[in-house]
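Each chain is listed here by its residues.
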Amino acid sequence: MISANLSAIFYLVSGVLFILALRGLSSPETSRQGNLFGILGMIIAIIVTFLSTGNFSTGFIFVLIFILVGGSVGAFIAYRIPMTAMPELVAGFHSLVGLAAVFVAISAFLNPEAFNLGVPGNIKLGSLIEMSIGAAVGAITFSGSVIAFLKLQGIMSGSPITFKGQHPLNAIILISIVVLIYLLCSTQSSNLFWILLVVSFLIGFLLIIPIGGADMPVVISMLNSYSGWAAAGIGFTLENTALIITGALVGSSGAILSYIMCKGMNRSFFNVILGGFGATEDITTSSAKEQRPVKSGNADDAAFLMKNASSVIIVPGYGMAVAQAQHALREMVDTLKKNDIKVSYAIHPVAGRMPGHMNVLLAEANVPYDEVFELEEINNDFANADVAFVIGANDVTNPVAKTDPQSPIYGMPVLDVEKCKSVLFVKRSLSPGYAGIDNDLFYKENTLMLFADAKKMTEDITKNL
Amino acid sequence: MEIDPLIFRLSIFILSIFVGYYVVWSVTPSLHTPLMSVTNAISSVIIVGAIIAGLSGNSDNVFNTSSIFGFLAIALAAINIFGGFLVTQRMLAMYKKKKKDK
Numbered sequence: 122m123i124s125a126n127l128s129a130i131f132y133l134v135s136g137v138l139f140i141l142a143l144r145g146l147s148s149p150e151t152s153r154q155g156n157l158f159g160i161l162g163m164i165i166a167i168i169v170t171f172l173s174t175g176n177f178s179t180g181f182i183f184v185l186i187f188i189l190v191g192g193s194v195g196a197f198i199a200y201r202i203p204m205t206a207m208p209e210l211v212a213g214f215h216s217l218v219g220l221a222a223v224f225v226a227i228s229a230f231l232n233p234e235a236f237n238l239g240v241p242g243n244i245k246l247g248s249l250i251e252m253s254i255g256a257a258v259g260a261i262t263f264s265g266s267v268i269a270f271l272k273l274q275g276i277m278s279g280s281p282i283t284f285k286g287q288h289p290l291n292a293i294i295l296i297s298i299v300v301l302i303y304l305l306c307s308t309q310s311s312n313l314f315w316i317l318l319v320v321s322f323l324i325g326f327l328l329i330i331p332i333g334g335a336d337m338p339v340v341i342s343m344l345n346s347y348s349g350w351a352a353a354g355i356g357f358t359l360e361n362t363a364l365i366i367t368g369a370l371v372g373s374s375g376a377i378l379s380y381i382m383c384k385g386m387n388r389s390f391f392n393v394i395l396g397g398f399g400a401t402e403d404i405t406t407s408s409a410k411e412q413r414p415v416k417s418g419n420a421d422d423a424a425f426l427m428k429n430a431s432s433v434i435i436v437p438g439y440g441m442a443v444a445q446a447q448h449a450l451r452e453m454v455d456t457l458k459k460n461d462i463k464v465s466y467a468i469h470p471v472a473g474r475m476p477g478h479m480n481v482l483l484a485e486a487n488v489p490y491d492e493v494f495e496l497e498e499i500n501n502d503f504a505n506a507d508v509a510f511v512i513g514a515n516d517v518t519n520p521v522a523k524t525d526p527q528s529p530i531y532g533m534p535v536l537d538v539e540k541c542k543s544v545l546f547v548k549r550s551l552s553p554g555y556a557g558i559d560n561d562l563f564y565k566e567n568t569l570m571l572f573a574d575a576k577k578m579t580e581d582i583t584k585n586l
Numbered sequence: 017m018e019i020d021p022l023i024f025r026l027s028i029f030i031l032s033i034f035v036g037y038y039v040v041w042s043v044t045p046s047l048h049t050p051l052m053s054v055t056n057a058i059s060s061v062i063i064v065g066a067i068i069a070g071l072s073g074n075s076d077n078v079f080n081t082s083s084i085f086g087f088l089a090i091a092l093a094a095i096n097i098f099g100g101f102l103v104t105q106r107m108l109a110m111y112k113k114k115k116k117d118k
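Chain order of the listed sequences is A and B. The numbering used here applies: residue 122 is where the first sequence begins, and numbers increase by one. The numbering used here applies: residue 17 is where the second sequence begins, and numbers increase by one.
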């Protein structure tokens, strides 16, 4: 048994180690060391908790068993998961953090003595407020992440589900959560606690169903943030510094990522939360569908164009992840490089289904990270490049965003692909992208459409090079 | 008059938000996915609360309603801790620089 002061200091140490873990991610070289700091921080926090409870009886054995069981499941998943499934994995993990926060809050509510929070029916007011906020946010994180997970897995349709009166209903539920917390704190009634949990689960579910597939980067980041705030709420209840620091870090991290993603789409946070594109844009797209001529080609044409180029820029998108084309792509690029062609990759902030999704896939395919560039870094280079190879991206290359103020994506930062001498666009069909709008790029003079599966087309081009 | 310890915790919380703000802005965009998986892992430090809850039973009866929820939370948080750190490690190991000899 160690003193409360000593354990508080150790919790502080582990909080600092978590800060260093995030700090490490400022560059790939320091990131691996950062991760080790994170692991060390976690080990310290767990050991200190054991020492401070000083309970090494049967219960301790069971704690170890549950850690081992959960840990092996987690390790198994971590080694088996394909990199393309990273968004689902992260959504799934968020739901677990949320549920764990709910369980800890329930446990503390049922048995406050164990946490020094008072006795059942007379829990310290401050603790009860913190506990109920932590539980409510945790519940929202859980049900929201489950929906995000189902949508990303394709079990649930990725298209937005909207119904009449959705926003007023959500508003009423959100207000009722505040009222419930207030009543709970004044009456200490356990019934109210359970109702609060149910209502919070419900609102998490309702908040995420109207959000469409391509807005998932925002949703995942937002849920990331929520999981942090839930942890912080529980941290206040338990008076635990490590938990408070971590909750604040994770909360602000998720909030920043949501902001970056929203900016990448030129949409406000509320615009995304209040339901996807789609609803208002349906009419405009179906009526404006005119037949315009497109040039389409085959792998041979594409190979010819690229062979005669001196620089090529690759623009990957979600379609590349779906087709698992990243390895085939890298083989193609290797062949190009053997012919002394300069190749770089251009990544739009919202390419894929989560922040940094494309970068991970390219890293998996052994693409060196110093050949991969962000939008601002590379956008000026399109004008000097010979070929842009768009694989699985669509809306993020649409020049309409710069030219047509009527367009729903007007103002969204896009990659200036059309400035390239020629554009190769790999796509299954001419169908519009997620935003439901036609891509002007398809009809440009210098665009060659390659209608095929991304992976197969890339392999065919490599053969023809 | 003494200051309520809550105020100190609140100070830590607010300052940590600022630390988080600056630290996360300095994260390179190409590492945003590992950032999410590692924040996932560290937010599972909630396991400390779960452990206290799990150990709340007495020696005659390890399992009561409260401790059962604690044990479940331990398992969930452990999935996240191991899964989160390992998958981050796996991802980070893939980020390589251009080979010099090329």
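Honestly, the hints are just simulated from the structure, not real lab data. Among these hints, one or two may not hold up.
Keeping only pairs whose Cα atoms sit at most 30 Å apart, straight-line, the calculated DSS-like set for lysine-lysine is [to be verified]:
#1 B:K114 - A:K540
#2 A:K584 - B:K113
#3 B:K114 - A:K285
#4 A:K565 - A:K428
#5 B:K113 - A:K416
#6 B:K114 - A:K463
#7 A:K523 - B:K114
#8 B:K114 - A:K542
#9 B:K112 - A:K523
#10 A:K285 - A:K428
#11 A:K384 - A:K458
#12 A:K540 - A:K459
#13 A:K458 - B:K112
#14 A:K463 - B:K112
#15 A:K285 - A:K458
#16 B:K112 - A:K459
#17 B:K114 - A:K584
#18 A:K540 - B:K113
#19 A:K459 - A:K523
#20 A:K577 - B:K113
#21 B:K114 - A:K428
#22 A:K384 - B:K112
#23 A:K245 - B:K112
#24 B:K113 - A:K565
#25 A:K584 - A:K565
#26 B:K113 - A:K428
#27 A:K540 - A:K523
#28 A:K428 - A:K540
#29 B:K112 - A:K285
#30 B:K112 - A:K416
#31 A:K584 - A:K384
#32 B:K113 - A:K463
#33 A:K542 - A:K523
#34 B:K114 - A:K577
| In rising order, the numbers of the hints this structure does not comply with | 3, 5, 7, 9, 10, 11, 15, 19, 23, 24, 29, 30, 31
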